[in-house]
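Protein sequence lines correspond, in order, to chains A and B. Per my numbering, the very first residue in the first sequence carries number 3; after that it's consecutive. Per my numbering, the very first residue in the second sequence carries number 3; after that it's consecutive.
Note that these hints are calculated values from the structure, not bench results. Possibly wrong hints are sitting among the right ones.
Since the list gives no way to pick one copy over another, a pair counts as held whenever it fits inside one copy or between any two copies.
What the hints assert, rightly or not - The calculated EDC-like cross-link candidates involving lysine to aspartate or glutamate, where the alpha carbons are at most 20 Å apart (straight line), are:
| hint | residue 1 | residue 2 |
| --- | --- | --- |
| 1 | Lys-120 | Asp-250 |
| 2 | Lys-213 | Asp-250 |
| 3 | Lys-213 | Asp-37 |
| 4 | Lys-120 | Glu-252 |
| 5 | Lys-120 | Glu-199 |
| 6 | Lys-120 | Asp-37 |
In this text, all values refer to a predicted model and were calculated from it rather than measured experimentally.
There are 2 protein chains.
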Amino acid sequence: MPDTSTPAIHLGPEYDPALARGIEGGGGRLVPLDDAEAVVWSGGPDAFPDRLPDTVRWVQLPSAGIERWMAAGIVDHDRVWTSAAGAYAPSVAEHAVTLLLAGVRGLGEQVRATSWRKAEFDARVGTLRGATVAIIGAGGIGRAMIPLLGAFGADVLAVTRSGTSVPGAVETVAASRTGEIWSRADHFVIAAPATAETAHLVDAEVMARMKPTAWIVNIARGSLIDTDALVRALGDGTIGGAALDVTDPEPLPAGHPLWTLPNAIVTPHLANPSTGLRTLLADHVRANVERFAAGEPLLAVIGLERGY
Amino acid sequence: MPDTSTPAIHLGPEYDPALARGIEGGGGRLVPLDDAEAVVWSGGPDAFPDRLPDTVRWVQLPSAGIERWMAAGIVDHDRVWTSAAGAYAPSVAEHAVTLLLAGVRGLGEQVRATSWRKAEFDARVGTLRGATVAIIGAGGIGRAMIPLLGAFGADVLAVTRSGTSVPGAVETVAASRTGEIWSRADHFVIAAPATAETAHLVDAEVMARMKPTAWIVNIARGSLIDTDALVRALGDGTIGGAALDVTDPEPLPAGHPLWTLPNAIVTPHLANPSTGLRTLLADHVRANVERFAAGEPLLAVIGLERGY
Numbered sequence: 003m004p005d006t007s008t009p010a011i012h013l014g015p016e017y018d019p020a021l022a023r024g025i026e027g028g029g030g031r032l033v034p035l036d037d038a039e040a041v042v043w044s045g046g047p048d049a050f051p052d053r054l055p056d057t058v059r060w061v062q063l064p065s066a067g068i069e070r071w072m073a074a075g076i077v078d079h080d081r082v083w084t085s086a087a088g089a090y091a092p093s094v095a096e097h098a099v100t101l102l103l104a105g106v107r108g109l110g111e112q113v114r115a116t117s118w119r120k121a122e123f124d125a126r127v128g129t130l131r132g133a134t135v136a137i138i139g140a141g142g143i144g145r146a147m148i149p150l151l152g153a154f155g156a157d158v159l160a161v162t163r164s165g166t167s168v169p170g171a172v173e174t175v176a177a178s179r180t181g182e183i184w185s186r187a188d189h190f191v192i193a194a195p196a197t198a199e200t201a202h203l204v205d206a207e208v209m210a211r212m213k214p215t216a217w218i219v220n221i222a223r224g225s226l227i228d229t230d231a232l233v234r235a236l237g238d239g240t241i242g243g244a245a246l247d248v249t250d251p252e253p254l255p256a257g258h259p260l261w262t263l264p265n266a267i268v269t270p271h272l273a274n275p276s277t278g279l280r281t282l283l284a285d286h287v288r289a290n291v292e293r294f295a296a297g298e299p300l301l302a303v304i305g306l307e308r309g310y
Numbered sequence: 003m004p005d006t007s008t009p010a011i012h013l014g015p016e017y018d019p020a021l022a023r024g025i026e027g028g029g030g031r032l033v034p035l036d037d038a039e040a041v042v043w044s045g046g047p048d049a050f051p052d053r054l055p056d057t058v059r060w061v062q063l064p065s066a067g068i069e070r071w072m073a074a075g076i077v078d079h080d081r082v083w084t085s086a087a088g089a090y091a092p093s094v095a096e097h098a099v100t101l102l103l104a105g106v107r108g109l110g111e112q113v114r115a116t117s118w119r120k121a122e123f124d125a126r127v128g129t130l131r132g133a134t135v136a137i138i139g140a141g142g143i144g145r146a147m148i149p150l151l152g153a154f155g156a157d158v159l160a161v162t163r164s165g166t167s168v169p170g171a172v173e174t175v176a177a178s179r180t181g182e183i184w185s186r187a188d189h190f191v192i193a194a195p196a197t198a199e200t201a202h203l204v205d206a207e208v209m210a211r212m213k214p215t216a217w218i219v220n221i222a223r224g225s226l227i228d229t230d231a232l233v234r235a236l237g238d239g240t241i242g243g244a245a246l247d248v249t250d251p252e253p254l255p256a257g258h259p260l261w262t263l264p265n266a267i268v269t270p271h272l273a274n275p276s277t278g279l280r281t282l283l284a285d286h287v288r289a290n291v292e293r294f295a296a297g298e299p300l301l302a303v304i305g306l307e308r309g310y
């Protein structure tokens, strides 16, 4: 039977209206640290209390990456710690779909035009309706994209490490079979982590197998794409275009060809802008307070051994 | 009880694979004109048969506007005639949401940048998540937008002539009460017909009541916005921005300030590009063949008296 109490939660290091609404909206009440069963922390590790009361059974940290918290020795075995992993997925998914739509519908060259070039642009306007979009690395962000793409009438082909079926995708392929998808999908969203295995995952050979109308969106890390090969593929029409929120090198230097190629769109790592951070963290806090109150497993529990 | 036969349909003036798939996918079979119960016509009025067999009970025309067909005296009282009204709504809705996302997330200025201006752009990146989007003129296009906006977590405030509740909108307001919405909604999509009543619907006074972060998308007709007032509102930050697929004057002349204002996006009337026409018409044909086979009312039936 779930615990239906109203958990006593400390919000630190200072009051924040969005996070307070998240706590109260999730069924919690705000209390001083000494009375707390849980702590929601919106600051960095430096101001974190040296010692938490024994009554504190859960701490919610504000960042998705917790390297600094681990390095400071703050995360312990005495209670459950949760990060903000996944909290920012809705913003990144929105940005990725915006980039894909902008690319497929030709907005890159249209936005830069300074005269009415309707006849010239018309033939290059595509649609997501009926398209197959491959999401390479369908984790939290990729999964958040699926209902968005579905609303536009696109089918999703998901690639995950294990190949375990992703809900909402028409097909899920294991990462070891990624080679099969390059010629099958109409467009590609790169959302996989940067590892030795994924470096230059998209190279000249892979792009040669894509459809000449294919758009590539990258919201993961620049290193997953061979930038020089991409510039050549964009220039000679091997693919339709690329919309990149991350680049290699990053920041992309002034004068780089990606700034001016008509079929390239570059946004400067703004898929998760600071304007949205607090709101999305508040949603995450609300979900976790609801789970805490109900005695259910929390989201984004940190594994002390694995370090995230 | 529905008629479950396989209707005999003539496709003219020539074979088209997409339309043939639409007819057959809807349950029809292709026949010569003399054997036809229905005609699907993909050409203009000039090549239309002078006389149709008496067996033809329904004719599907390929365009949404049928002025030329009416002027040619082709549409008669002897059978049901349908237009393609509404068939192109999915493309226009996709374009409208693309423009709104591009605007709200700041893509206009980002796409035109030629260096990494992350810190400068970050504060101006918005989101549709939690936003209220007013659709002014929620007909077929507006209704097609509602599930798209919903997927991004936006609420829709619909404005229709009658004020009759629009499914999926959180609220529907009659056109006579449009004045109430300018200060309430976060963003605006103009989708109403161009009439004497809607000319300069969005003027200086209306924009002054909008939030300073509001984006206006226009996929209807340029005349609904007072262009000079819009240029001033964009320049002095009265509103967040404007993304326009239609302009006044149209085509927008080279050198017009809307081409270069950082918070303006202009696409040259490409919401319904020629690349998508045949596919969308085929979907419409399929839906109508299904209805014809089932003896149900057809979509976009032409009223000879009202002229559309």
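A quick look at each hint next to the structure:
In this assembly of identical chains, the alpha carbons of Lys-120 and Asp-250 lie at most 20 Å apart only when taken from different copies (15 Å versus 33 Å within one copy). With identical chains, the CA atoms of Lys-213 and Asp-250 are never at most 20 Å apart, being 23 Å at best within one copy and 38 Å at best between copies. For the identical chains of this complex, Lys-213 and Asp-37 are neighbours neither inside a copy (61 Å) nor across copies (41 Å), given an alpha-carbon limit of 20 Å. In the homo-oligomer, the alpha carbons of Lys-120 and Glu-252 lie at most 20 Å apart only across protomers (11 Å), although the nearest pairing inside one protomer, at 34 Å, exceeds that limit.
When the C-alpha separation of Lys-120 and Glu-199 is checked against a cutoff of 20 Å, the pair qualifies neither within a copy, at 43 Å, nor between copies, at 29 Å. When the C-alpha separation of Lys-120 and Asp-37 is checked against a cutoff of 20 Å, the pair qualifies neither within a copy, at 66 Å, nor between copies, at 42 Å.
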